[in-house]
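Enquirer: Using the hints, position chain Z against chain C.
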Amino acid sequence: MAVSQRRGLADLFRATEIDARLVGMLGALALIWIGVDLLSGGAFLTPRNLWNLSVQTASVAVMAAGMVLVIVARHIDLSVGSILGLVGMIMGVTQAEFLPKYLGFDHPLIWVIALVVGLAVGAAIGLLQGVIVAYLGVPAFIVTLGGLLVWRGCAWWVTSGRTVAPMDDAFRRMGGGIEGAIGANWTWVVALIAFAAIVWRTLHARRRRRLVGFALRPVWAEVTVAGLACLAVWAVVLVANSYDLPPRVAERIAAERGLTVPPQGLSIAHGLALPVLIAVAVGIVVTFLAQRTRFGRYVFALGGNPEATELSGVDTRRVTVMVFVLMGMLCAVAAAISTARLNAATNALGMLDELYVIAAAVIGGTSLGGGLGTVAGAMLGALVMQSLQSGMVLMGLDTPLQNIVVGFVLVVAVWLDRLYRSRTLKGSAP
Amino acid sequence: MSDARSSLVEMRGMSISFGGVRAVDDVSLDLSGGEVVGLLGHNGAGKSTLIKMLSGAYRPDAGDIRIDGRPATIHSPRDARRYGIETIYQTLALAENLDAAANLFLGRELRSGWGTLDDVAMEVETRKVMARLNPHFAKFKEPVRALSGGQRQAVAIARAIHFNARVLIMDEPTAALGPQETQQVADLIVQLKKEGIGIFLISHDIHDVFDLADRVAVMKNGRLVGTARTHAVTKDEVLGMIILGTCPAAAVPGPGALAAGTA
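Heads up: the protein sequence lines correspond to chains C and Z, in order. Going by the working numbering, the first sequence opens with residue 4, and the numbers climb by one from there. Going by the working numbering, the second sequence opens with residue 27, and the numbers climb by one from there.
Among the hints, a few may not be true.
Selected chain Z positions facing chain C (in silico; Cβ < 8 Å) [to be verified]: (1) Pro103; (2) Arg104; (3) Arg107; (4) Tyr115; (5) Ala119; (6) Ala121; (7) Ala128; (8) Thr142; (9) Leu143; (10) Val146; (11) Met148; (12) Val150.
Derived from the structure by calculation, the hints contain no laboratory data. Keep in mind the model is a prediction, meaning the values are calculated, not measured. We put the beta carbon where it would ideally sit given N, CA and C, even for glycine.
Pulled out of the complex, with its shape left as it was, chain Z reads as follows:
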């Protein structure tokens, strides 16, 4: 079914090694506009590494990436941003000593006619985005260090969605959040999906993503176990994919799936 639509992102045969260890081994995965794909696996399964190749933080040893069916060259985070790929890292990747506006526009500062930073304009924009994500947020003048976990998360998300992202990568987006803030992020994902944004949701916890994702892709030891539509499989079956590497009948097996006979 996903083959019928032209994919927004296609990754084919992605591989990368660090010091002889194959962190990601021949992984192929695609994503359509308005689709949420949950990328699951244990810590160290290679999820974050795969996604860092898409966001330009790592350069793959092999494999190619297509955006809208056309080959894309992504050698740096700047390249990825040019294709509309925005990433919310697990660590949030915020400069703690700068305020929300400086972080939101880091690398893409608004400038006045003189080429100088236009801090006032950046604060105005930041207030607009933050009003949508976290209406009670008021600490615009303080360094991010002084913000709570949820507020920092909001800044990181604001940075990703402000620049008209087409592909959003969220690495463990709710790991540091309380129940209420987690719900806020879930609502936001539903809303962004409606806007036609394709979302990779990375998690080691199946419960975080099962209700939100259209499909799940499971990785184990750097290889893709398989992908499955969430309504066609049960949580237990997906857990089996994560823990054992077995692939249920309703899933599309990948190179990392255990052969049916040995399972």
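If we strip away everything but chain C, and leave its shape as in the complex, we get:
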């Protein structure tokens, strides 16, 4: 009975081609959310908390997307937190002290220039570390351990440890907050684009398979998968759009637009936060790189069998360098989000982030042995970690206890993943 049920479930996953691991993670996330909500007296599952949670997750999630590729290629990057700190500091000085001298404050180009400078510095740092790993043959663990110290030291050096603030107004939108939310209407626009993309993807894949005569997924499976995806988008939109701006801010906006405030009070929704949209966009782009480009194919091949990849004529050293360059650039994106959210560039920004990023990737199913991992899993892993953390804050747990729980969860998550993997591998062996 139990066996036939398990078989039925396996068939379901096979027919729909849903990744069972991902479903497991979503289940774990749901458990955490419900558990924490109960323990914190209903303070967790509120639009306000979920919205904040999404913003808090963005920075680590962005870096986790890059870390997946680094780990898949059998490397590691311990320097991401320090790169974030240095790049954040450079972007801070660029927009708060350097550019205003020439452009004046609040020039519309300041945020763009600061961001481009940050991306360039991030890419350059990644290039340097990647070249040392790939061409000089120093293990990534050592190179980036050195980087952890070097870049943190450089961050201090930029302003001799002084905090740089405030950030440019347009730049600050990248950190979320009231200015960094796109409002209810734009949120619906994003949702409609997402719906269209989901439907297009489903139809396109189906057409392609029919063209070459491959077996098609059953229609019910297609409809179920696409339907669930749309439902998820819809749920996110509903949450984002039911978190209202504070009444005083709403009144100010109403006054600016010449609206009259109705007697029962004004309700203007936040909508999705920009950092969250940035993180989702990063996730889509990196997933695309990983699954649909030669570069991504080579990263996975490198993790599976470096020698075979080399013998296949792939320039493995170049691929390695590119992985680190991408990681550096994603650190810059994360740095933009973090400095914008804090409205300051500080010396301690991103400290210990490398551990959270690696933990997120590993919880998300990335194998430290290389060759295995998904970007979506890693970003979900970042959400799981952040949920635990802010949940424990809501429950009023002390910081030491929080660390104990997070460390414990990390180890248990990886152990469960190993159990799952060894079982599925046995099941599929001939």
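Expert: Leaving out everything else, chain Z in the frame of chain C:
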């Protein structure tokens, strides 16, 4: 006789050292189209090392390679592939975490008009090649890790023959296979030979290659003992070449042959 035809591959004076040890020392060997040359010798005799210089995995310290009589520069596996030299390594050199199609096209992926990977087209091609090599193969969606030894071998061979190879190097191709699969590989070699492909068959076991090869070349301690046409020598004589380094009368002696007086 082989001198009359223009050789497909000519290796002259190939040498390579690793840390002061001469792994391959002044070896010259050639191969014609449609010819199977068995490269024999003990483990560590330098067979694989010699062949890795031809396939671009190692760079020789000395010696030159000619393809169709013209000097060829082979500095990387990519260069070798450009000359139509395909290698099936003893280790198979497959990325275990990728599926058959991804392995078959590794380094030579088919791409769509947008420059993205065309996985569907690659799977279609893979199904075609695999149908020829192993008609029962059905695990196209699974990582190579989940395949049996024979199935992996089929993927490795498919990768070598799919791209119109002219020279095929097979390093211990049947070492991990059962009798039935070994026969399949033997049939395939006969078929590829008919198509005019030149094949280097590397083995430490004379029985694997004696019936398939037109010629054998024997190496010992990094040097070439000699080459011989298989119908002109006996298995025992070839064994003598492998074990003792003696060269029978019907063979062409190389620099590694024991002098007749000392034998």
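Enquirer: Against this structure, judge whether each hint is valid.
Expert: Now for the hints, and whether the structure bears them out:
1. Look at Pro103(Z): its Cβ gets to within about 4 Å of chain C, closer than 8 Å, so that hint holds up.
2. Because the smallest distance between the Cβ of Arg104(Z) and any Cβ of chain C comes to about 4 Å, under 8 Å, the interface hint for this residue holds.
3. Because the smallest distance between the Cβ of Arg107(Z) and any Cβ of chain C comes to about 6 Å, under 8 Å, the interface hint for this residue holds.
4. Annotation: interface hint on Tyr115(Z) holds; nearest CB of chain C at approximately 7 Å, less than 8 Å.
5. Restraint check, Ala119(Z) versus chain C: the minimum CB separation of about 4 Å is within 8 Å; hint holds.
6. At its closest, the beta carbon of Ala121(Z) sits 3 Å from a beta carbon of chain C; the interface hint therefore holds under the 8 Å criterion.
7. Interface hint at Ala128(Z): satisfied, since its Cβ lies 6 Å from the closest Cβ of chain C, which is below the 8 Å cut-off.
8. For the restraint placing Thr142(Z) at the interface with chain C, the shortest Cβ-Cβ distance is roughly 4 Å, inside the 8 Å limit, so the hint holds.
9. Because the closest C-beta pair between Leu143(Z) and chain C is about 5 Å apart, less than 8 Å, the hint holds.
10. A distance limit of 8 Å between C-beta atoms decides the matter here; for Val146(Z) the minimum to chain C is near 5 Å, and the interface restraint holds.
11. Annotation: Met148(Z) was flagged as interfacial toward chain C, and the flag is violated, the nearest CB pair being 10 Å apart, outside 8 Å.
12. Interface restraint check for Val150(Z): the shortest CB-CB distance to chain C comes to about 5 Å, inside 8 Å, so the restraint holds.
Hint violations for this structure: number 11 only, all remaining hints satisfied.
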